[in-house]
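Enquirer: Now for the letters of each chain:
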Amino acid sequence: MKKTLALVLAAMMMLSLLAIPALAEDQVLKIVTWDATTTPYLDAQKAAFEASHPGVTIEYIDVASQDFFVKTTTMLEGGDKSDIFMVKEVPDLINWVAQGFAAPLNECVAASNYDLAGFAGTEQNYAVDGELYAIPFRSDFWVLFYNKDLFDAAQVEYPTNDITWDAYAELAKKLADPEKDIYGTYYHTWLSAVANWTVADAKNTLADGEYSDLLYFYKLYQDLEDAGACPAFAEQKAANLHYKSSFYKGNIAMLPMGYWFVSSLINDMASGECTPFNWGIVSVPHLDGVPAGSSFGNLTGAMINAKSENKDLAWEYISWLGGEEGSAATASTGTRPALATDSVVSVLASVEGFPADDNSKAALKPVFVGMEWPVVDKVNDIKSIVNEVHTQIMTRELTPEEGVEEMNERVGDLFK
Amino acid sequence: MTTAARTEESPAARRSRRRKTLVAYSFLAPNFLGFAIFTLVPVLLAVALSFFEWNGGDISRIRFVGFDNYANIFNVSKVAEKGIGYFFNRVDLGIAMKNTVFYTVVTVPLTIACALALAMLLNKVRGAVVLRAVFFFPYVASMVAICVCWSFMLMKNGPINQMLMALGVNYNKSWTADSTMAIWSIILVSVWRNMGYYMVIYLAALQGVPRELLEAATVDGAGRWKQFIHVTLPQLRPTTFFVSVMMVISCFKIYDVVAIMTDGGPGRATKMLVTYIYDEAFAKIRYGQASAIAMILLIIVLAVTIIQFRSEKKFSAD
Amino acid sequence: MEQAFHTKAIHRDNPAAHRILKAVVYILLLAMAFFTLIPFAWMLFSSFKLEREVFSYPMTWLPETWHWENYSLIWQKVSLLTYFKNTAFIAVVVTFLQTLTSSFAAYAFAKLEFRGRDALFLAYIGTIAIPWQAYMLPQFIMMRSIGLYDTLWAMVVLQAFSAFGVFLMRQFYRGIPTDLCEAARLDGLSEYGIWVRIMLPLSKAAIATLVIFTFVNTWNDFMGPMIYLTRDENKTIQVGLRRFIQQYSADYHLIMAASLCSLVPVSIVFFCLQRYFIEGIATSGLKG
Numbered sequence: 267m268k269k270t271l272a273l274v275l276a277a278m279m280m281l282s283l284l285a286i287p288a289l290a291e292d293q294v295l296k297i298v299t300w301d302a303t304t305t306p307y308l309d310a311q312k313a314a315f316e317a318s319h320p321g322v323t324i325e326y327i328d329v330a331s332q333d334f335f336v337k338t339t340t341m342l343e344g345g346d347k348s349d350i351f352m353v354k355e356v357p358d359l360i361n362w363v364a365q366g367f368a369a370p371l372n373e374c375v376a377a378s379n380y381d382l383a384g385f386a387g388t389e390q391n392y393a394v395d396g397e398l399y400a401i402p403f404r405s406d407f408w409v410l411f412y413n414k415d416l417f418d419a420a421q422v423e424y425p426t427n428d429i430t431w432d433a434y435a436e437l438a439k440k441l442a443d444p445e446k447d448i449y450g451t452y453y454h455t456w457l458s459a460v461a462n463w464t465v466a467d468a469k470n471t472l473a474d475g476e477y478s479d480l481l482y483f484y485k486l487y488q489d490l491e492d493a494g495a496c497p498a499f500a501e502q503k504a505a506n507l508h509y510k511s512s513f514y515k516g517n518i519a520m521l522p523m524g525y526w527f528v529s530s531l532i533n534d535m536a537s538g539e540c541t542p543f544n545w546g547i548v549s550v551p552h553l554d555g556v557p558a559g560s561s562f563g564n565l566t567g568a569m570i571n572a573k574s575e576n577k578d579l580a581w582e583y584i585s586w587l588g589g590e591e592g593s594a595a596t597a598s599t600g601t602r603p604a605l606a607t608d609s610v611v612s613v614l615a616s617v618e619g620f621p622a623d624d625n626s627k628a629a630l631k632p633v634f635v636g637m638e639w640p641v642v643d644k645v646n647d648i649k650s651i652v653n654e655v656h657t658q659i660m661t662r663e664l665t666p667e668e669g670v671e672e673m674n675e676r677v678g679d680l681f682k
Numbered sequence: 003m004t005t006a007a008r009t010e011e012s013p014a015a016r017r018s019r020r021r022k023t024l025v026a027y028s029f030l031a032p033n034f035l036g037f038a039i040f041t042l043v044p045v046l047l048a049v050a051l052s053f054f055e056w057n058g059g060d061i062s063r064i065r066f067v068g069f070d071n072y073a074n075i076f077n078v079s080k081v082a083e084k085g086i087g088y089f090f091n092r093v094d095l096g097i098a099m100k101n102t103v104f105y106t107v108v109t110v111p112l113t114i115a116c117a118l119a120l121a122m123l124l125n126k127v128r129g130a131v132v133l134r135a136v137f138f139f140p141y142v143a144s145m146v147a148i149c150v151c152w153s154f155m156l157m158k159n160g161p162i163n164q165m166l167m168a169l170g171v172n173y174n175k176s177w178t179a180d181s182t183m184a185i186w187s188i189i190l191v192s193v194w195r196n197m198g199y200y201m202v203i204y205l206a207a208l209q210g211v212p213r214e215l216l217e218a219a220t221v222d223g224a225g226r227w228k229q230f231i232h233v234t235l236p237q238l239r240p241t242t243f244f245v246s247v248m249m250v251i252s253c254f255k256i257y258d259v260v261a262i263m264t265d266g267g268p269g270r271a272t273k274m275l276v277t278y279i280y281d282e283a284f285a286k287i288r289y290g291q292a293s294a295i296a297m298i299l300l301i302i303v304l305a306v307t308i309i310q311f312r313s314e315k316k317f318s319a320d
Numbered sequence: 055m056e057q058a059f060h061t062k063a064i065h066r067d068n069p070a071a072h073r074i075l076k077a078v079v080y081i082l083l084l085a086m087a088f089f090t091l092i093p094f095a096w097m098l099f100s101s102f103k104l105e106r107e108v109f110s111y112p113m114t115w116l117p118e119t120w121h122w123e124n125y126s127l128i129w130q131k132v133s134l135l136t137y138f139k140n141t142a143f144i145a146v147v148v149t150f151l152q153t154l155t156s157s158f159a160a161y162a163f164a165k166l167e168f169r170g171r172d173a174l175f176l177a178y179i180g181t182i183a184i185p186w187q188a189y190m191l192p193q194f195i196m197m198r199s200i201g202l203y204d205t206l207w208a209m210v211v212l213q214a215f216s217a218f219g220v221f222l223m224r225q226f227y228r229g230i231p232t233d234l235c236e237a238a239r240l241d242g243l244s245e246y247g248i249w250v251r252i253m254l255p256l257s258k259a260a261i262a263t264l265v266i267f268t269f270v271n272t273w274n275d276f277m278g279p280m281i282y283l284t285r286d287e288n289k290t291i292q293v294g295l296r297r298f299i300q301q302y303s304a305d306y307h308l309i310m311a312a313s314l315c316s317l318v319p320v321s322i323v324f325f326c327l328q329r330y331f332i333e334g335i336a337t338s339g340l341k342g
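Residue numbers (the numbering used here), protein chains in the order written: chain A, 267 to 682; chain B, 3 to 320; chain C, 55 to 342.
A hint or two may mislead.
Said to hold, decoys possible - Each computed DSS-like pair below joins lysine-lysine, with the alpha-carbon atoms no more than 30 Å apart:
no.: 1; chain 1: B; residue 1: K286; chain 2: A; residue 2: K644
no.: 2; chain 1: B; residue 1: K286; chain 2: A; residue 2: K577
no.: 3; chain 1: A; residue 1: K649; chain 2: B; residue 2: K80
no.: 4; chain 1: B; residue 1: K286; chain 2: A; residue 2: K649
no.: 5; chain 1: B; residue 1: K175; chain 2: A; residue 2: K469
no.: 6; chain 1: B; residue 1: K286; chain 2: A; residue 2: K296
no.: 7; chain 1: B; residue 1: K22; chain 2: A; residue 2: K485
no.: 8; chain 1: C; residue 1: K76; chain 2: B; residue 2: K126
no.: 9; chain 1: A; residue 1: K446; chain 2: B; residue 2: K126
no.: 10; chain 1: B; residue 1: K158; chain 2: A; residue 2: K515
no.: 11; chain 1: A; residue 1: K515; chain 2: C; residue 2: K131
no.: 12; chain 1: A; residue 1: K577; chain 2: A; residue 2: K469
no.: 13; chain 1: A; residue 1: K347; chain 2: B; residue 2: K80
no.: 14; chain 1: B; residue 1: K286; chain 2: A; residue 2: K682
no.: 15; chain 1: B; residue 1: K175; chain 2: A; residue 2: K515
no.: 16; chain 1: A; residue 1: K440; chain 2: B; residue 2: K175
no.: 17; chain 1: A; residue 1: K414; chain 2: B; residue 2: K158
no.: 18; chain 1: A; residue 1: K485; chain 2: B; residue 2: K228
no.: 19; chain 1: B; residue 1: K84; chain 2: A; residue 2: K682
no.: 20; chain 1: A; residue 1: K649; chain 2: B; residue 2: K255
no.: 21; chain 1: A; residue 1: K296; chain 2: C; residue 2: K131
no.: 22; chain 1: B; residue 1: K286; chain 2: A; residue 2: K573
no.: 23; chain 1: A; residue 1: K485; chain 2: B; residue 2: K175
no.: 24; chain 1: C; residue 1: K131; chain 2: A; residue 2: K347
no.: 25; chain 1: C; residue 1: K76; chain 2: B; residue 2: K228
no.: 26; chain 1: A; residue 1: K649; chain 2: B; residue 2: K100
no.: 27; chain 1: C; residue 1: K258; chain 2: A; residue 2: K312
no.: 28; chain 1: B; residue 1: K158; chain 2: C; residue 2: K76
no.: 29; chain 1: A; residue 1: K485; chain 2: B; residue 2: K80
no.: 30; chain 1: C; residue 1: K258; chain 2: A; residue 2: K354
no.: 31; chain 1: A; residue 1: K649; chain 2: B; residue 2: K84
no.: 32; chain 1: A; residue 1: K347; chain 2: A; residue 2: K644
no.: 33; chain 1: B; residue 1: K100; chain 2: B; residue 2: K255
no.: 34; chain 1: C; residue 1: K258; chain 2: B; residue 2: K22
no.: 35; chain 1: B; residue 1: K255; chain 2: B; residue 2: K316
no.: 36; chain 1: B; residue 1: K175; chain 2: A; residue 2: K446
no.: 37; chain 1: B; residue 1: K80; chain 2: A; residue 2: K644
no.: 38; chain 1: B; residue 1: K286; chain 2: A; residue 2: K354
no.: 39; chain 1: A; residue 1: K469; chain 2: A; residue 2: K446
no.: 40; chain 1: A; residue 1: K439; chain 2: B; residue 2: K175
Simulated from the structure, these hints should not be mistaken for laboratory data. Please read these numbers as outputs of a predicted model, since none were measured by experiment.
Construct the entire structure; sequences and hints are all you get.
Expert: If you want it as structure tokens, here you go:
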């Protein structure tokens, strides 16, 4: 017995010795990002930058996407010296700026004569009091993915770039087939998947303190769930399902999702991760009175850590990333760069694996993209309230009416 | 036991005593330093922090706010307006308290019953060593692995529902997705995991039940049930007391199972005190408020422990 | 205890009744064993299935064909080895420090007399009742400010100085006759000598218990690593596994395979040393 104990402990000891980390090399740029191993554009960006900048190595520090903000904020608070932090959502950056974690960029922009015009004003989302704190490199807006094979099998016309939400609901119900475990549509568990559509009218935002505009979308969702046209929210939440895995299964007819999913879809079909099927994209449905092709979206950017010891190189990287070359690398994987040059759309449409139909190409040009979250005072507090109540509505702890009232009341309380 | 200095002590004796104390401190030092820095100091800081507002960033942002954090988590103004029902149904803290107490009140007796039953059964048979290891195994098995396995088994099309269906019970939902069943699935996993551990303690305690007492009862003609109720159970009372104190404390600390299986959901149906602390502290970065909730947890646990000790004393005095 | 009224006792010498009772006991025990083991069995079988087989209806226990490649797949998808190494490192260092410092301190509490001993011991015991979650936040802020966030050493100092170890060892040392120490003192041994030559050799069983306890607890710790460890290369098996689950949420078969792998090391330790483990709980539990 004693021998076994000794043996086991010795084996563990040996293993633990192996855990000593390797020494770092010179000129390493440390970039904190999420899902580094499964995000194709990160590989493309790294390869392109290292090729044009010999002697520089990019090292991604991978943080789980589910708790990206929590973990990165903790790192920053602890005085982490990683050079660049990717900005997953605009409010995250605003929070970091408030805490003094982000290095101001106006001086760099001026010194290097950096041209911001290509971002068409979107970079202003990253500005606080006129000072820029991050450079956007990816701009996503939501589109409607659909599985052509399921539409063909059900002998239903494909959706077009101009359908209303009511028409979409009709379609979803038509395609659903509980017998065969086929769902007409699919809502991921995020707030944005259900409620963010309201900002596509260019008037509403999710932080305006008035939420009656969400009612329509909650009722639309509950109607679909009751009809068995989409998987139940509570089930999905319980299973903690990634929308990827669900759509890959091939039993989801439609999926409103961010444009970034195109890249994963193309890649995973090519690699065999996902059994290929025919798919396409169209503009998301719209409300009556809102122009077709309106959507909402989000920016992804990169900021320089105020504690970075390598700020020059870091600026070199993020300015490259947002510029022509970086954008080309990003676009080559089917991801939509923030730099909106004329060539971008054609590059995206010509990526191998992108659907060949005209509607899919046309869907690449939205007429309006509202911001998922606007930059306003207390946006993080508002966000957490709206998210909490959203979950309560989705699990039917509250009716949509009660939920909206609760949102109005609690957000209102914030500004008393 | 006491080392109180005596007045007639000689200088030599005093010197030797002082040296003895130094030696003793040198034995204590390595552990005590770690213990003091990483446990005692944080405990004191936690109390202090609950009276400050600090939403992350530099320590210079900290601000004394008195009892504001407590007023906030209890949502005093709203509760005063809408009544206590509002607190337990709508306020995060009320919901977390309600869930945690419910979980504890169900889990503790259920685990004790299972553990005791297992111990009584095992006490009687050969081959007990193997079975003992089997029952104990869930306790050492990795938390994440077993929780994810259970949540799969409790899914809509999972084996548990299918077995239930074979028995004529048609429950066509994932347990963790249903706001009434979610907490039961957590209770199920907790009981399943811990019963073996407490069984071992009961098994050891059963060895301590005097044979003469049991035999005397048999001679008196007591049935096995009566014997169990009138002899075994009273003899096991100190163990049951110990086990229940330990278990109540650990139930109030429930986090792992919830975090892995339901993440506090659906909605807030399985939000517990500790998941609430975690959210406030690490997801919302409201250090002061998180510390105030932590103090509530601390007060509840200490109060429960003291009450249990008191009632045990009263019991033994009877 | 007056049981004079009971006349219908099961007679001890009635062999038939006795045998039936035995059978019932065994059946109940086997049913409970089945209930206990079923998740492990399901995990094992599912880990060899195809993804679509896991939740097939009607359910099947055994896979159609045994897909051994699931196990090679997970080693490509997730850095299990890194997680194992990190966990082993933490577990070994914590176990070593914990055992050493607490047996040292326990000796002082059990066999030495000094001012403030009882008060100090009470402080130790008191903190056992204080939930870690009540003070984890200030502790976390402290650790972060000294640069221990996202390092394995954070996990080490977090767990190496627990009051529980001191308590356990002290209980054991109190059972060792004080005369032994006195005799050794007369022979001119210093207190340190007594600890090395007498206490340590005599307390092997207690040390074994503490070692296994600490090891298993460290190995299975979830919340600590969840809070402290961020980078993939620093993750322990528990949080690493959770990461994998989040990333490949619908690959049920792979999740089960990875889960099973995470069980292996701790199961080996347990089944080799379960006697110490169980006896340790029995003794420490009873003396509480």
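Enquirer: Hints first: check each against the structure and report whether it holds.
Expert: For each hint, the structure was consulted:
1. Distance check on the hinted pair: K286 of chain B and K644 of chain A sit about 12 Å apart at the alpha-carbon level, within 30 Å; holds.
2. Between K286 of chain B and K577 of chain A the CA atoms are separated by roughly 29 Å; this keeps the pair inside 30 Å, and the hint holds.
3. For the hint linking K649 of chain A to K80 of chain B, the alpha-carbon distance of about 21 Å falls within 30 Å, and the restraint holds.
4. A distance of roughly 11 Å separates the Cα atoms of K286 of chain B and K649 of chain A; the hinted pair therefore holds under the 30 Å criterion.
5. Between the alpha carbons of K175 of chain B and K469 of chain A the distance comes to roughly 40 Å, so the proposed pair goes past 30 Å and is violated.
6. Distance hint between K286 of chain B and K296 of chain A is fulfilled; the C-alpha atoms sit about 26 Å from each other, no more than 30 Å.
7. Distance check on the hinted pair: K22 of chain B and K485 of chain A sit about 77 Å apart at the alpha-carbon level, beyond 30 Å; violated.
8. In summary, the hint linking K76 of chain C to K126 of chain B is supported, as the alpha carbons are separated by about 8 Å, within the 30 Å threshold.
9. Among the hinted pairs, K446 of chain A with K126 of chain B is inconsistent with the structure: their alpha-carbon atoms are about 53 Å apart, more than 30 Å.
10. As the CA atoms of K158 of chain B and K515 of chain A are separated by approximately 17 Å, the hinted pair is consistent with the 30 Å bound.
11. Restraint check for K515 of chain A and K131 of chain C: satisfied, since their Cα atoms lie roughly 19 Å apart, inside the 30 Å limit.
12. With a CA separation close to 39 Å, the supplied pair K577 of chain A and K469 of chain A exceeds the 30 Å bound.
13. Only pairs whose Cα atoms come within 30 Å are accepted, and K347 of chain A paired with K80 of chain B is rejected, the gap being roughly 44 Å.
14. Between the alpha carbons of K286 of chain B and K682 of chain A the distance comes to roughly 21 Å, so the proposed pair stays at or under 30 Å and holds.
15. The hinted pair formed by K175 of chain B and K515 of chain A meets the criterion: a straight-line CA distance of about 20 Å does not exceed 30 Å.
16. The suggested pairing of K440 of chain A with K175 of chain B holds, with an alpha-carbon distance near 24 Å, which does not exceed 30 Å.
17. The suggested pairing of K414 of chain A with K158 of chain B holds, with an alpha-carbon distance near 28 Å, which does not exceed 30 Å.
18. For the given pair, K485 of chain A sits about 60 Å from K228 of chain B by alpha-carbon distance, which is inconsistent with the 30 Å threshold.
19. About 19 Å separates the Cα atoms of K84 of chain B and K682 of chain A, which keeps this hinted pair within 30 Å; it holds.
20. Taking the CA atoms of K649 of chain A and K255 of chain B, the gap is about 28 Å. The hint holds against a cut of 30 Å.
21. For the hint linking K296 of chain A to K131 of chain C, the alpha-carbon distance of about 23 Å falls within 30 Å, and the restraint holds.
22. For the hint pairing K286 of chain B with K573 of chain A, the CA-to-CA distance comes to about 23 Å; that is within 30 Å, so the pair holds.
23. In summary, the hint linking K485 of chain A to K175 of chain B is supported, as the alpha carbons are separated by about 22 Å, within the 30 Å threshold.
24. Taking the CA atoms of K131 of chain C and K347 of chain A, the gap is about 28 Å. The hint holds against a cut of 30 Å.
25. Taken as a hint, the K76 of chain C and K228 of chain B pair is honoured in the structure, with Cα atoms around 18 Å apart against an allowance of 30 Å.
26. Taken as a hint, the K649 of chain A and K100 of chain B pair is honoured in the structure, with Cα atoms around 26 Å apart against an allowance of 30 Å.
27. Between K258 of chain C and K312 of chain A the CA atoms are separated by roughly 55 Å; this puts the pair beyond 30 Å, and the hint is violated.
28. Between K158 of chain B and K76 of chain C the alpha-carbon distance is near 38 Å, which puts this suggested pair outside the 30 Å criterion.
29. With a C-alpha separation of about 29 Å, the suggested pairing of K485 of chain A with K80 of chain B holds against the 30 Å cut-off.
30. Simply put, K258 of chain C and K354 of chain A have alpha-carbon atoms about 54 Å apart, too far for the 30 Å limit, and the pair is violated.
31. The straight-line distance between the Cα atoms of K649 of chain A and K84 of chain B is roughly 25 Å, inside the 30 Å bound, and the hint therefore holds.
32. Our distance criterion of 30 Å between C-alpha atoms is met by K347 of chain A and K644 of chain A, whose separation comes to about 27 Å.
33. Of the supplied pair hints, the one linking K100 of chain B and K255 of chain B holds, its CA atoms being roughly 14 Å apart against a limit of 30 Å.
34. Our distance criterion of 30 Å between C-alpha atoms is met by K258 of chain C and K22 of chain B, whose separation comes to about 26 Å.
35. Proposed proximity of K255 of chain B and K316 of chain B is supported: the alpha carbons are some 27 Å apart, at most 30 Å.
36. Between K175 of chain B and K446 of chain A the CA atoms are separated by roughly 18 Å; this keeps the pair inside 30 Å, and the hint holds.
37. Proposed proximity of K80 of chain B and K644 of chain A is supported: the alpha carbons are some 21 Å apart, at most 30 Å.
38. For the hint linking K286 of chain B to K354 of chain A, the alpha-carbon distance of about 16 Å falls within 30 Å, and the restraint holds.
39. Taken as a hint, the K469 of chain A and K446 of chain A pair is broken in the structure, with Cα atoms around 41 Å apart against an allowance of 30 Å.
40. A hinted pair counts as satisfied when its Cα atoms are at most 30 Å apart, and K439 of chain A with K175 of chain B qualifies at roughly 21 Å.
In this structure, the hints that do not hold are numbers 5, 7, 9, 12, 13, 18, 27, 28, 30, 39, in rising order.
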